[in-house]
Amino acid sequence: YRLFDATRMAQYGYGQLDNVCTALEFERMLASTGPTGGKIRLKNGKEPRAVAVIHCVGSRDENYHRYCSRVCCMYALKFAHLVKDRTSAEVYNFYIDLRAFGKGYEEFYSRVLHEGMNVIRGKVAEVVQASWSKRGEGSLLVRCEDTLIGRFREIPVDMVVLCNAIEPQGDAEAVRRLFGVSRSPDGFFLERHPKLDPVATSTDGVFIAGCAQGPKDIPDTVAQASAAAARMLGMIARGTVEIDPVRAEVNEQYCSGCRVCNALCPYSAIDYIEEKNVSRVNAAVCKGCGTCVAACPAGAIAGYGFSEEQIEAELEGVLAV
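Sequential numbering of the sequence shown, starting at 44, is according to my numbering.
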């Protein structure tokens, strides 16, 4: 995966205003090996007096990504806890909905609230320079609608942290074509079944785990990766792979080499043999969906076990009863 480019949301001032950073940049600042040795500092070297953490930057947004990135709420609460622990600054968390869904997450949320974190429910409209504010030269102003009290508010802060959305890698489409797997409308790789087979794909032997399937946190990623590894070991241990007998076959005598089937096959199971000017089905990859059978203009492709003669015989048997 990759993180959403915060410069696309110019209203938040990333790349334009000082002391507006992404979650990854703030995480680096918090690290003991970071540029400030783990101390939270503004660009002028001073300690901030107020820090704003903006959730859902690029996610849960009709203009960018409609899905939830799942991890943002909890690491935003972690940021609030660390700011309160290392500084005397006020912390404002601007959220749409707080989703503390994992084990121990709700308890941690309550703990951070008791530490004095301020929570404001509402989408931030913009972040602007506020040199005229009482906090002094160079401070920022966060403008938002607080839906809990039904008022428009302006909160002066010294630092803004943006929680970027998780989005698919730019080369996801190339990987999809290479392995013959499917992608969901949001761009992540699609599993064979969301409940019964959450790690397998439409191509046998190709499995997905972690954020390749969709946004998820570390515990869920580790669990899914373990499941994918177990499935792969199971295939290797058997030594041989059973192939579904229902598949397509090309009659090379009738094939004209038009390559219509090559472009239509959703599993990339049809190869073009240039020397013979014909197409050939890879039986190990074919799923027998019948797309190529219906599309072949020459009628050169037939479904194994579903030839015209077999279907006619079945119909005659049904009608004879």
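Don't take every hint at face value.
Pairwise CB distance ranges, derived in the manner of DEER restraints [what the hints assert, rightly or not]:
no.: 1; residue 1: M275; residue 2: T190; range: 17 to 27 Å
no.: 2; residue 1: D229; residue 2: T50; range: 15 to 25 Å
no.: 3; residue 1: L156; residue 2: I279; range: 44 to 54 Å
no.: 4; residue 1: L73; residue 2: G333; range: 48 to 58 Å
Capping the alpha-carbon separation at 30 Å, the derived lysine-lysine pairs in BS3-like fashion look like this [as the list claims (entries may be wrong)]:
no.: 5; residue 1: K259; residue 2: K238
no.: 6; residue 1: K89; residue 2: K146
no.: 7; residue 1: K127; residue 2: K259
no.: 8; residue 1: K166; residue 2: K146
no.: 9; residue 1: K146; residue 2: K127
no.: 10; residue 1: K121; residue 2: K89
no.: 11; residue 1: K121; residue 2: K146
no.: 12; residue 1: K166; residue 2: K121
For the record, the hints were derived by calculation from the structure and aren't laboratory data. Since the model is a prediction, treat every value here as computed from it, not as a measurement. Using N, Cα and C, we set each Cβ at its ideal position, and we do this for glycine too.
Report task. Please write out, lowest number first, the hints stated earlier that are contradicted by the structure. Result -> Hint check: 1, 6 fail, others pass.
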